[in-house]
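Visitor: Build out the structure end to end from the sequences listed, making use of the hints.
Residue numbers (the numbering used here), protein chains in the order written: chain D, 1 to 113; chain X, 1001 to 1116.
There's no promise every hint is true.
For the chain D half of the interface with chain X, some residues (derived, Cβ under 7 Å), not all of them [unchecked claim]:
1) P40
2) L44
3) S99
Calculated lysine-lysine pairs in the DSSO-like style (CA-CA distance at most 27 Å, straight line) [unchecked claim]:
4) K68/D <-> K100/D
5) K1007/X <-> K100/D
6) K1007/X <-> K68/D
7) K100/D <-> K61/D
8) K1065/X <-> K1007/X
Simulated from the structure, these hints should not be mistaken for lab results.
All C-beta atoms, glycine included, are put in the ideal place defined by N, C-alpha and C.
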Amino acid sequence: AQSVTQPDIHITVSEGASLELRCNYSYGATPYLFWYVQSPGQGLQLLLKYFSGDTLVQGIKGFEAEFKRSQSSFNLRKPSVHWSDAAEYFCAVNTGTASKLTFGTGTRLQVTL
Amino acid sequence: SAVISQKPSRDICQRGTSLTIQCQVDSQVTMMFWYRQQPGQSLTLIATANQGSEATYESGFVIDKFPISRPNLTFSTLTVSNMSPEDSSIYLCSVLYPGLTSYEQYFGPGTRLTVT
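Guide: Below, the structure is given as structure tokens:
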């Protein structure tokens, strides 16, 4: 069965600093990969996704992620973090079977001013 | 993208009672999903609800506890039955919606349930 690991439970960065959130997946073939953000008291918003093709994908709010097959990773990055980026970030995988998503445990991002 | 609303947004219920959560989408979608997010935890899929067929439940979830209805292509309900404090969670519905190049899954704002 597929699984997703987000090694960092909590990350704190200063506003304006760069950000990288880690995500590793376990699956035999190339999965469909997603990053979602959940602001306090809100639902989940899709940031970006990878299905195939270019391994560097651009998303909303200035986020990007790179799929690295050799490392089974799909890390999320942002060159300059804004205070409004403080939220919970979830990586998810869909192996195509009935379109079900398997989520990682999430990384809580705190941004200091 | 799809716009999804859920009712109620939050509720406090007594143990032993049941709560029905509604999910409304602004366009017709084939596949809808119900997830549970326990406090401080990630999301866990409860079931997949397709219009015109019985919901498909994931391991650990049963229809008697979480009955689901899907009467049409824009609406679904999830009932949490005979509640206990362990059912205190955020319940989210999501839909599979065709994007420009692929299917994307969009989530409602969630229903925050507290069972006392």
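Visitor: The structure should be examined with respect to each hint, and the outcome stated for every one.
Guide: Structure-based check of all given hints:
1. Taken as an interface hint, P40/D does not check out: its beta carbon lies about 11 Å from the nearest beta carbon of chain X, beyond 7 Å.
2. Nearest Cβ of chain X to the Cβ of L44/D: about 4 Å, under the 7 Å cut. The hint holds.
3. For S99/D, the suggested interface contact is upheld, since its CB lies about 5 Å from the closest CB of chain X, less than 7 Å.
4. Among the hinted pairs, K68/D with K100/D is consistent with the structure: their alpha-carbon atoms are about 22 Å apart, no more than 27 Å.
5. A C-alpha spacing of about 23 Å is found between K1007/X and K100/D, which places the hinted pair at or below 27 Å, so the restraint holds.
6. With a CA separation close to 40 Å, the supplied pair K1007/X and K68/D exceeds the 27 Å bound.
7. For the given pair, K100/D sits about 25 Å from K61/D by alpha-carbon distance, which is consistent with the 27 Å threshold.
8. The suggested pairing of K1065/X with K1007/X holds, with an alpha-carbon distance near 19 Å, which does not exceed 27 Å.
Checked against the numbered hints listed earlier, the structure breaks hints 1 and 6; every other hint is satisfied.
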